[in-house]
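> Protein chains in written order, with the working numbering: chain A, 315 to 715; chain B, 1041 to 1255.
Derived from the structure by calculation, the hints contain no laboratory data. Quick caveat, the model's predicted, so the values are computed rather than measured. Accuracy of the hints is not assured; some may be wrong.
Pairwise CB distance ranges, derived in the manner of DEER restraints [what the hints assert, rightly or not]:
1. B/E1114 <-> A/E368: 37 to 45 Å
2. A/R606 <-> B/W1130: 35 to 43 Å
3. B/R1155 <-> A/G712: 33 to 41 Å
4. A/E705 <-> B/P1158: 43 to 51 Å
5. B/R1089 <-> A/Q536: 47 to 55 Å
Examples of chain B residues lying across from chain A (beta carbon under 7 Å, computed) [stated by the list, open to error]:
6. M1080
7. Y1083
8. E1106
9. L1109
10. T1110
Ideal Cβ placement from N, Cα and C applies to all residues, glycine included.
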Amino acid sequence: MPVAEAKKRMVRINGCVASAQAAKYADVDVIAAYPIRPYTATMMALAQMVANGELDAEYIVADSEHSQLSIAHGAASAGARVFTGSSGVGVQFAYELYSPISGSRMPVQMMIADRTLDPPGDFGSEHTDALSTRDMGWIMGWSCDAQEAFDNHLIAYRIGEDRRVLLPQMVCQDGFFVSHITGDVELPDGGQVREFLPPYKHPYPLDPRRPVSHGPQIMPEQGPPLQLERARAMEESMAVIEQAHEEFGKIFGRKYDPWLEEYKTDDAEVVFFLQGAHAVTARFAIQHMRERGIKVGMVRLRTIRPYPTERVQDSLSKFKVVGVIETNMALGSVSSGGALYAEAAAALYEADKRPLMMSFMAGMGGEAIVLKEFYWMTEKMIEAQKKGKIEKRTHWVGFEH
Amino acid sequence: MSYTELTVWTRGIIMDKEGRDIVNSVSASARKEGKYAQAMENYVDNPDRTNCPTRKYCRVSDAILENELTYENEHPNIVVLVEGTMVKGWDYMRGMPPGGTLIINTHYTPDYMLRFVPGPERLAQLVCVDAAKLADHKWLYYRLGELGLDRLSTEGAAERSKLVAPDIAAPLIAAVVKTTGIVQMKTIQPMIANQHAFNLALEEMKVLQLNPVAV
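So that you can see chain B by itself, here it is in the shape it has in the complex (with noise of 0.2 Å):
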């Protein structure tokens, strides 16, 4: 049975429709094509503060998901980290597997940000992908009046766009996608509103190989 988890780490209010955009993407993808899936929000992280950390969570599986009241990713197989600095601070790798993946929203390189990673042994590897550049991101502090009437919409319930990764999720989905094959391509592409940014990051995100799980 194959069952997959990916949490989205994201900054409160800036960053935090990118990271609910990952992960109801990828449970939608999922389950066109069959499985089970299920997207939601870290709970007691929300309602979320501007830059606060807040998570995200998808569960992918082939057999129905009996721990769906289960309000944290026990063990997610991939991490997101939607705003680099991230990478310090929190355990984010805790409860990975080993032969796990790390995507990160970062111009740096994998050979460099892997020094920041906890326990980097139980990565199989680590994504690094310039998300802001490739979505021409303009950071988001200038229009905080925009987003308080567009993003503190309270977990999403009402949020004005009803586009999929305009922005920064659009190279971070594509990362994920393309690096761990949680979905197929052809399923989720279709959805994703900045196809320019999901395409260019196809190209250009850099993988680092690490530690292979023996089969």
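Chain A on its own, in the form it takes in the complex (with noise of 0.2 Å):
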């Protein structure tokens, strides 16, 4: 059904699904494809939708996901909405257009359902592959269902276009877990997506009758400016952000915090901090352990750029121990674990009382992070907590005993 009779309703489908619908209710332009599981069934997906008529865009396969990502620039630059979208080693391939994308400020929207990296070859997910190109000036975040995924598209694409951003946003979720599990999800009114998300005119597109250039090359004077006002960009998107996300709650009824969401945190003593859907049975974990007395929580970063250091700062300060669910790699790095350890730890660093951290490797290659780890993690902190301080800042979970 075309999303302009489309009336409000729930269904029951995945994440990559979930995409896709966003995608139809966003009234894309331009689709750029190539496929690679998990977000294979999301192109597969909105393939059907332009066949079957029920979406009005130009569907474009590429040969590889560099060309995807260039289609994708291209066709931004000439103004149209651009989806597109991939997982794992297909992220990577595509690199060298992550910067010239964001650098041209073509509000492009990514959705990356995560897979891990080679070798040798997983299918399961690892936030790896987007993160590693975090840097990029690209918005990005992580939903943990697949109502958020579809909700996420929505209000990155009305922040990325927003004429105080024009920023490419990576509107990601992990592979299987939220990908290609099924949940309720509600489709929204065509209207209400109307009323959120105008439709889409880029400042300065090319066009033949009044020309312009995009990308040329410069010198080494002019590139400052350049690297400037993209930095400004992305932190003053922070404040665009936050009005997106109050609109949205008030046009469709869904309240997200943009930053942080917080469970079970006003009395807590130690807390997990994690993005992504393993919050999902870390909810039930700490319900169970609430039960027993113990004072655990949950701190779940929603978006990491542009990075919300105050807002962690405030938030995980409160604490005494943080241990951070990694499901990600940074080989060599400061905690010899993740990404998420290092960039917490430097958000604390100026606040007045640092809580003691740790780094979890768990959830890595796919694996589900079960209940009995989230106790296992706690009695880690709670260790810790007693201690006060850290023995072993870095733990492999399921390797130790």
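Starting from two chains that each stand alone, build the complex the way the hints lay out.
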């Protein structure tokens, strides 16, 4: 059914299909596709929508992810609302394009369904694929279920296309845990989407009638002002991100904190700090541990670019111990574990009160993090709390007793 | 608390939709009945290849599913083999608690098939249903070209046919529901496209009672 006639309804779909639905509701103009699992299910669903006449868009299958992002870049330069996506090594094959797209201020949207990088070829979810591009000037965040994935796509377009921002967005979800697990998703009324996300109009599109240059070679002294502008756009996006989430809540009735979800943190002494789908199991584990009197909670990072430094500082400095659940690899990094620890620790550096921090390598390779592993990690945090110090900074969960 | 796991073993591409229809219809029925339920495919088995074994899962519970992100059924109470020769070669009984049900699409009798089942002492019943015959099933290889379009659909994301169980899944669903009561017949039957095969299976399935679990 065309979006214009769509009425609000509940459907049972997985994250990949939710992303495709969101692209349809956003009435994208160009879809640049290249298959790699788990993202493939999204491009298949979109292909079907275009073929059925539900979505009037140019659907272009590229010959690689590099071409896919090049097509996205070109289409956005001509003023199109563009949707693309990838997973795992596909995200990396397109790496050259990430900086040019954000540097030319094209609000391309890319859906990422995480997949572990090679070797040796694992379908499972790790956030390393998208996180490896985190400093390329893209707005970036993770959802933890299919509904949030759908919502994040609409919100991200609204943010990225704002004249104050004009930046591309990576809307990320865990492979399998979100991409292939079905959930109840409310598809909105067409009118709600029109109100929230007006048609896109790029201020300086490529147009033969009004010639302009995009991306020419420049002299070194011309570089810094451009970089400064991009850095400022990222900083200034923070206010837009907050505004977009607030307006989304008013129109759609689902209110998200743009930066952090806090779960049972009011009196918590130890907390998990994570992003993505494992928050679902973490909430159950926390409920069970709370029944046993353990003061544990969770802080889930919803947006990692731009990084909400002050919010992370304010939130995490309230606790005695923070256990970062990484679900990504940052080999040889400050914790010799993942990327989340380093940034959270840096955010806390200026805090008056700093919690003890440890890094948990869990959910690696796409393994589920089960309840007993959350209990084990909590024991490690409580041990550190009792001793008042961290004896081991990084734990590989499942490899220690 | 009642918690039931259903695992369906099927063959890639040619019988992928059949397996998916079984878990999806049981899960949807359970949710209609107010239970918590989840259906999913084995993420690692997919994307499927022609004839390769792939697994589909369903979980039904009175309580909220806390293991929603666990990607395999670890203790299946009910196992369905969508194609009879799968009875040999894989340990589809792994993790089954005592009192389980095994349902096989075959024209053989349960007495005959029992000899191939690994760890049959865990079974409360072995059910054989000649689903291919009851659904008047023409084997699928001759239309692989069509299947390539319709079924190589990346885990059902772009399936053209919206019919649930138009083929051999219908008798198998009938066998699952009649012999286990995982959901009510009146909830699931209206969803099924092939009513004829569904009803025939209710009459013609062969059930061998084995080791009831002591209560």
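> Work down the list of hints and note, for each, if the structure agrees.
So, going through the hints one by one against the coordinates:
no., hint, verdict
1, B/E1114 <-> A/E368: 37 to 45 Å, "holds, 39 Å"
2, A/R606 <-> B/W1130: 35 to 43 Å, "holds, 40 Å"
3, B/R1155 <-> A/G712: 33 to 41 Å, "holds, 39 Å"
4, A/E705 <-> B/P1158: 43 to 51 Å, "holds, 46 Å"
5, B/R1089 <-> A/Q536: 47 to 55 Å, "holds, 53 Å"
6, M1080, "holds, 6 Å"
7, Y1083, "holds, 4 Å"
8, E1106, "holds, 4 Å"
9, L1109, "holds, 5 Å"
10, T1110, "holds, 5 Å"
In this structure, none of the earlier numbered hints is contradicted; all agree with it.
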